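Undergrad: In case you want the letters, here they are:
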Amino acid sequence: MNKDLLARLRPLIGLVLLSVAVALCSSRFLTTSNLLTVLRQTSINVVIATGMTFVILTGGIDLSVGSILAFAGVVMATLLGTEVPLIVSLGLVLLLGAAIGAVTGLVITKGKVQPFIATFAFMTVLRGATLVFSNGTPMPAGDGDDAFAFLGEGYLLDVPVPILLMIAVLAIAYYVLRHTRFGRYVYALGGNEEAARLSGLRTRLIKTAVYGVSGLLAAMAGIISTARLSSATPTAGTGFELDAIAAVVVGGTSLSGGSGRISGTLLGALIIGILNNALNLLNVPSYYQMIAKGVIILIAVLLDRKTES
Amino acid sequence: MDAAAGQPILEMRGITKQFSGIPALSGVDFRAFPGEVMALLGENGAGKSTLMKILAGAHDRTAGEIAFRGAPLELTGPRDAQRKGISIIHQELNLVQDLSIAENIFLGREPVTRLGNLDWKALNAGAEQLLRRLGVQASPKTRVGTLSVGQQQMVEIAKALSFDASIIIMDEPTGALADAESASLFNVIRELKASGKAVIYISHRLKEVFELSDRVTVMRDGKLIGEVATSALTEDSVIEMMVGRRLTERYPHVEVAPGPVRLAVDNLESRYTHRASFSVRGGEIVGVTGLMGAGRTELALALFGALARTGGTLSLDGEPYAPGSPHEAVSRGMAYVSEDRKQRGLLLGLSIKDNIALPALKQFERRVFYLSDQAERAAARGYVEKLAIRPPREDQVVRRLSGGNQQKVSIAKGLITAPKVLILDEPTRGVDVGAKQEIYQLINGLKRDGLAILMISSEMPEILGMSDRIMVIHEGTVTGMLERGEATQETIMRLAIGLEGRQRE
Numbered sequence: 001m002n003k004d005l006l007a008r009l010r011p012l013i014g015l016v017l018l019s020v021a022v023a024l025c026s027s028r029f030l031t032t033s034n035l036l037t038v039l040r041q042t043s044i045n046v047v048i049a050t051g052m053t054f055v056i057l058t059g060g061i062d063l064s065v066g067s068i069l070a071f072a073g074v075v076m077a078t079l080l081g082t083e084v085p086l087i088v089s090l091g092l093v094l095l096l097g098a099a100i101g102a103v104t105g106l107v108i109t110k111g112k113v114q115p116f117i118a119t120f121a122f123m124t125v126l127r128g129a130t131l132v133f134s135n136g137t138p139m140p141a142g143d144g145d146d147a148f149a150f151l152g153e154g155y156l157l158d159v160p161v162p163i164l165l166m167i168a169v170l171a172i173a174y175y176v177l178r179h180t181r182f183g184r185y186v187y188a189l190g191g192n193e194e195a196a197r198l199s200g201l202r203t204r205l206i207k208t209a210v211y212g213v214s215g216l217l218a219a220m221a222g223i224i225s226t227a228r229l230s231s232a233t234p235t236a237g238t239g240f241e242l243d244a245i246a247a248v249v250v251g252g253t254s255l256s257g258g259s260g261r262i263s264g265t266l267l268g269a270l271i272i273g274i275l276n277n278a279l280n281l282l283n284v285p286s287y288y289q290m291i292a293k294g295v296i297i298l299i300a301v302l303l304d305r306k307t308e309s
Numbered sequence: 001m002d003a004a005a006g007q008p009i010l011e012m013r014g015i016t017k018q019f020s021g022i023p024a025l026s027g028v029d030f031r032a033f034p035g036e037v038m039a040l041l042g043e044n045g046a047g048k049s050t051l052m053k054i055l056a057g058a059h060d061r062t063a064g065e066i067a068f069r070g071a072p073l074e075l076t077g078p079r080d081a082q083r084k085g086i087s088i089i090h091q092e093l094n095l096v097q098d099l100s101i102a103e104n105i106f107l108g109r110e111p112v113t114r115l116g117n118l119d120w121k122a123l124n125a126g127a128e129q130l131l132r133r134l135g136v137q138a139s140p141k142t143r144v145g146t147l148s149v150g151q152q153q154m155v156e157i158a159k160a161l162s163f164d165a166s167i168i169i170m171d172e173p174t175g176a177l178a179d180a181e182s183a184s185l186f187n188v189i190r191e192l193k194a195s196g197k198a199v200i201y202i203s204h205r206l207k208e209v210f211e212l213s214d215r216v217t218v219m220r221d222g223k224l225i226g227e228v229a230t231s232a233l234t235e236d237s238v239i240e241m242m243v244g245r246r247l248t249e250r251y252p253h254v255e256v257a258p259g260p261v262r263l264a265v266d267n268l269e270s271r272y273t274h275r276a277s278f279s280v281r282g283g284e285i286v287g288v289t290g291l292m293g294a295g296r297t298e299l300a301l302a303l304f305g306a307l308a309r310t311g312g313t314l315s316l317d318g319e320p321y322a323p324g325s326p327h328e329a330v331s332r333g334m335a336y337v338s339e340d341r342k343q344r345g346l347l348l349g350l351s352i353k354d355n356i357a358l359p360a361l362k363q364f365e366r367r368v369f370y371l372s373d374q375a376e377r378a379a380a381r382g383y384v385e386k387l388a389i390r391p392p393r394e395d396q397v398v399r400r401l402s403g404g405n406q407q408k409v410s411i412a413k414g415l416i417t418a419p420k421v422l423i424l425d426e427p428t429r430g431v432d433v434g435a436k437q438e439i440y441q442l443i444n445g446l447k448r449d450g451l452a453i454l455m456i457s458s459e460m461p462e463i464l465g466m467s468d469r470i471m472v473i474h475e476g477t478v479t480g481m482l483e484r485g486e487a488t489q490e491t492i493m494r495l496a497i498g499l500e501g502r503q504r505e
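Chains as they are written, first to last, in the numbering used here: chain A, 1 to 309; chain B, 1 to 505.
Just chain A, with the same shape it has in the complex:
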């Protein structure tokens, strides 16, 4: 019991220690505007990492999310140039993301391909498709469309909209994982797939749905980042899958599936976000940020191992 509690609290302790350390090093850290900046920069990763949490809880992995983000961005930008109403466009792009994820899920479940390989293939295909679609150049998105720009740049009650969207996603994901049948199935599948199957669970359907959720949230992240930049870049989201995986892992979710929490993923993303912010504040070159991120991931995983044994 104590070990479980310690494992649960570790990301929180890590976050607090890191924040205190950063606050001591830089007086600019603990200002409202800086903290909001950190949150806004982290929000896209949190949205993607939420979907990734579902996938990893089942014992899978999704490398295609960064490419889905970019693909969703260019499709969104294209739709904005047409007569299609904004709300319909948004719905279509989200649906597209979910559909791509579900197809990936089918390849994994029906085609019996390992998640790593299947999502890796989709990552490559979609990145290529995005480059083809956009001719390899950034596409303007939502110039003059205030409603769309609001999703990325707007404020509601002094809080940036991406942060509010992130909170909404987190709240729904928490509810689903904690209080619904689907959530319980996700944990069951990751805990023991064969036992889940013999308990009468439709394991393939559940798995497919989980990749659908991941695709949907990656597309949502694509919408937010396109709205924020007022343009869709075909190379957007490169490497985001690794940031998302990092957030999930640092947040204490087991890569072998079955155990983990959405709150951990938020904390994991914040740890990485604050670390990046701190290195910026301290004028450390960005190359070092990669080293720091890698070291944090290693520490988190090694600590997890220690409590397991």
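To be clear, the hints were calculated from the coordinates, so they are not data collected in a lab. Just so you know, these numbers come straight off a predicted model, no measurement behind them.
To spell it out: a stretch of chain A is covered by chain B in this simulated footprint if at least three of its residues, at any positions, have a beta carbon under 8 Å from a beta carbon of chain B; those stretches are:
1) 181–188
2) 192–200
Derived list of chain B stretches under chain A, where covered just means 3 residues or more per stretch with a C-beta under 8 Å from a C-beta of chain A:
3) 319–329
4) 334–346
Example chain B residues on the side facing chain A (calculated, C-beta under 10 Å, incomplete):
5) Ala-306
6) Leu-350
7) Asp-354
8) Leu-358
9) Pro-359
10) Phe-364
11) Glu-365
12) Phe-369
13) Tyr-370
14) Gly-414
Think of the CB as a built atom: it goes at the ideal place given N, C-alpha and C, for glycine as much as any other residue.
Please arrange chain B on chain A, whose structure you already have, making use of the hints.
TA: Below, chain B without anything else, positioned relative to chain A:
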């Protein structure tokens, strides 16, 4: 007669082995003689394989002595045993599928040229020679993964021969072999005998035992029952030695007037089951037994939609029933409680409540998909009380429960969907005596409630004590369906070994 024989090359005395405190062998004596075949017989779980694994260096012994060629033998591991001249062919295949026959045979001790390169010529020639001796036609360069299971078994045998050991242990070597392959194996065994090797032969096939062996050692429940010259034995006397146990435990059989047929199976075919036909009534326990690997679990999985059926028809309460998945089976009113609760039954990291509720979560769903924790808890608590699960806390993580209590959770998980037909696969495996009695009472209670129960078990007393009818399976075929009154340990063993009942096919 023994006096006339030469000195034994091997003498194991008082061998005792405990697995985490539970005795698997207690004080077993065992001998083997050069130039002879010693058959080792016993029921499932009698301790034969454990004893042989100790001899082959795969297990340590808890107590006892081994004398080999008249000197004490201490082994540091399987490689040490091989070096000292003890070679074993395991029941399971241990080959590298992507390597060739020759590479597998000489794995880890490949011949090298003077320059230190792999000597392919010597490798393939050596393997070729062994294969020819066994009458195997395949080229030594064939990739093992492309061979049939029988041919792979022959490769295992070739590998064991290549050590030129003085004791060769064969654990059920003919299980996967075709008749011609068995025949060439028997020739090799006779050759080995003639050249003065000691062969230890484990088999459930009495015919082979009588054909090949010079002596027979019988084990039961981890103890030595006796060592007898084969010429002094009959099939009946061997079976009596194997099963002649007193029924000491109490089995609370209850009489229930059987209801209508719930599950009817007609000519069921699958990869592991051949033309199985039987039925189970409400309020009836049909015991299913057979030797290990007879296909009992596979039969259950085929009935449960977890293993593909290739033929036959099923019906459930008179309605056609053709499950394509366990999901379908469960929704039609079937439940399967696995023999392997840790790997296939339970979610060890989740709580008692989460495990029990999992198959029936839908009934706890309220508005906006909200799972009512209260309702789940109440249902789980009902089972915790009914099955006397200890500790009686629904939040307890299942991993921390004892084997018996884990098994109860596993059964509760099967019951929560209110099934019509319950398949219990080894319901008391790894369960202590007290919990066993509780599980028997529970099963009888379910029988009174009108469930149709299929109870798979390797434990003969349990099968005899609990069942209303007993179905015996031998190599995927139902060799007999015995009424409670007519079943004895001997009749069951004869059917399980395949001595009788084939004509019923």
